[in-house]
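There are 2 protein chains.
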Amino acid sequence: MSLLVTGSIGIDTVTTPYGVSENCLGGSSIYFSMAASFFTPVRLLGVIGSDCPFDLAEVFAGRDVDLTGLEVREQSKTFRWKGTYGDNMDQRQTDCLELNVLAEAPPTVPPEYGDSKFVFLANTAPALQLKLLGQIEKPVFVAADTMDCWIKGPPDDLKVLLKRIDALIINEDEARLLSNQSNLLRAADVILDMGPGVVIVKKGESGSLMCEKGGEKFLLPAFRAAEVKDPTGAGDSFAGALMGYLAQNEKTDFDLLKTALAYGTVVASFAIADFSLKGLASITRDDIESRFEILRKLTNF
Amino acid sequence: MSLLVTGSIGIDTVTTPYGVSENCLGGSSIYFSMAASFFTPVRLLGVIGSDCPFDLAEVFAGRDVDLTGLEVREQSKTFRWKGTYGDNMDQRQTDCLELNVLAEAPPTVPPEYGDSKFVFLANTAPALQLKLLGQIEKPVFVAADTMDCWIKGPPDDLKVLLKRIDALIINEDEARLLSNQSNLLRAADVILDMGPGVVIVKKGESGSLMCEKGGEKFLLPAFRAAEVKDPTGAGDSFAGALMGYLAQNEKTDFDLLKTALAYGTVVASFAIADFSLKGLASITRDDIESRFEILRKLTNF
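One line per chain: the protein sequences are D and R, in this order. Read in my numbering, the first sequence has 309 at position 141, and its numbers run on one by one without any break. Read in my numbering, the second sequence has 221 at position 53, and its numbers run on one by one without any break.
Just so you know, these hints were derived from the structure itself, not from any lab. Be a bit skeptical, because a hint or two may be false.
Unchecked claim - Each pair of labels, with its calculated beta carbon distance range: (1) R:Glu418 / D:Glu457: 32 to 38 Å; (2) D:Ser458 / R:Pro278: 51 to 57 Å; (3) R:Glu384 / D:Asn351: 29 to 35 Å; (4) D:Asp341 / R:Lys419: 38 to 44 Å.
What the hints assert, rightly or not - With a straight-line Cα cutoff of 30 Å, these simulated DSSO-like cross-link-like pairs (lysine-lysine) come out: (5) D:Lys371 / D:Lys465; (6) R:Lys426 / D:Lys426; (7) D:Lys331 / D:Lys285; (8) D:Lys426 / R:Lys285; (9) D:Lys465 / R:Lys381; (10) R:Lys381 / D:Lys381; (11) D:Lys446 / R:Lys385; (12) R:Lys426 / R:Lys285; (13) R:Lys385 / D:Lys465.
In this text, a Cβ means the ideal position worked out from N, Cα and C, and glycines have one as well.
With the sequences and hints as input, model every part of the structure.
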């Protein structure tokens, strides 16, 4: 079933203890699309400036990623991010942020995308997420990400958004901030009361937690790959594989959500094994299936 | 199959945010025996002074706990511990420690215990653990606990012990200290090279990790009970249920170890739900089975 992602496309410069990756392709919608494309066709909605050195058609060659919704603005500059990860890779510092085209009007959803059934709204202003969602006719399952600045900001837009989405995918600090609860299970309950039917809390090295309105819960440890070279895009790769698997199966019951979350964990573990998109670009669906079976053996009893 | 535990028996005074439990029964062998007795007969080896106000026969009434190895020293005083847990229950502070009888000669293994097949050596000086183990004729599976002071101390005894046990059950800080590795998977590998066939690392709220010499690994999240009133004895209850389940099944292959670890997690979650032994004393094997199924649903996909 059709899967639409809307999010950033950026030029990243990333420094980790393993080295520096200068002016590489990044952005939430890029990682998401790459990860989701292992499972289902993806429709990408995003905007870049004329300075963007990457040919996205080439980046996604051989993958079913529809770029009809890619807008190139001649007078604008592409979003840029420069960041550094500390030794334990859990702390990251933004060295430089140039919103550029992201500070302008958002892209318009092309008519061809209007019938999208699965939708992922990557992190941006909730008002913008709502505006984009409003252009989709009859979505079946909508997931969104958000971050601390939108939670701390005027909460009205976020409140409205939470009532219109099916799943919120956030990290543990954001879950605590949004719910005002330190215990993550209680935090999830509070967030479920705000609207979404499912909340997925990413806990980094501690894995993830998923709670459903009906009371179902699921805990999954992170997959510890031997080496983490660049954590950038881990969350978006996780969301991409998760949503990709759901869209592929056209279902969203809790058992399928559990499996989808496991695929998200597996694909994220590949994404962080190398800089930029290299970790995802170098694998096949078979590699994902093999690691999925390892994760199952590692966690099931 | 016969399961022997040797460890402390103490009089505890515990303060947590939920209240104070004064002069209650505690000690590693007590929690271990209570937990293990849900699965298999237990042989307890320990020593108390004449001041001990508890009738252990009464404490274990209706449970198959053999007290032949309980020594009461008329001229001695029982081990006492006073501790306080902070708000998050992860940090604990020892307010007062009186080794008393634990500073004297260890108890002697009675002849009836000599044929024990499963053995748990709770935390104490490695030299003492070795001495006790030396009195068991042909153990099938020996597990031990240790702590930072023995790891930091003269390492020779611990080195010898590690070569004579099948499983080491320790917490994550101890695993890092013992291996000099910050990554827990690497820490486990280093510890496996020191001798034991299996290492089980308890990570508190993050669950546990088990690694086997053959390369098999298992990750299990902690079971988050609604309330944690008193974490004392969590580790020993965990070890008790784990060893009890292995002894009950008379096997120690990795699949059975995985299930045993899940039972350990479940029983520990009951132990910490109330002060002292109340959490364990008030449940049945059926309660354990129900929560075991919940844990399976919560973690398997």
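Outcome of the hint check:
no.: 1; hint: R:Glu418 / D:Glu457: 32 to 38 Å; in the structure: 36 Å, holds
no.: 2; hint: D:Ser458 / R:Pro278: 51 to 57 Å; in the structure: 53 Å, holds
no.: 3; hint: R:Glu384 / D:Asn351: 29 to 35 Å; in the structure: 33 Å, holds
no.: 4; hint: D:Asp341 / R:Lys419: 38 to 44 Å; in the structure: 43 Å, holds
no.: 5; hint: D:Lys371 / D:Lys465; in the structure: 21 Å, holds
no.: 6; hint: R:Lys426 / D:Lys426; in the structure: 20 Å, holds
no.: 7; hint: D:Lys331 / D:Lys285; in the structure: 18 Å, holds
no.: 8; hint: D:Lys426 / R:Lys285; in the structure: 40 Å, violated
no.: 9; hint: D:Lys465 / R:Lys381; in the structure: 16 Å, holds
no.: 10; hint: R:Lys381 / D:Lys381; in the structure: 42 Å, violated
no.: 11; hint: D:Lys446 / R:Lys385; in the structure: 27 Å, holds
no.: 12; hint: R:Lys426 / R:Lys285; in the structure: 20 Å, holds
no.: 13; hint: R:Lys385 / D:Lys465; in the structure: 8 Å, holds
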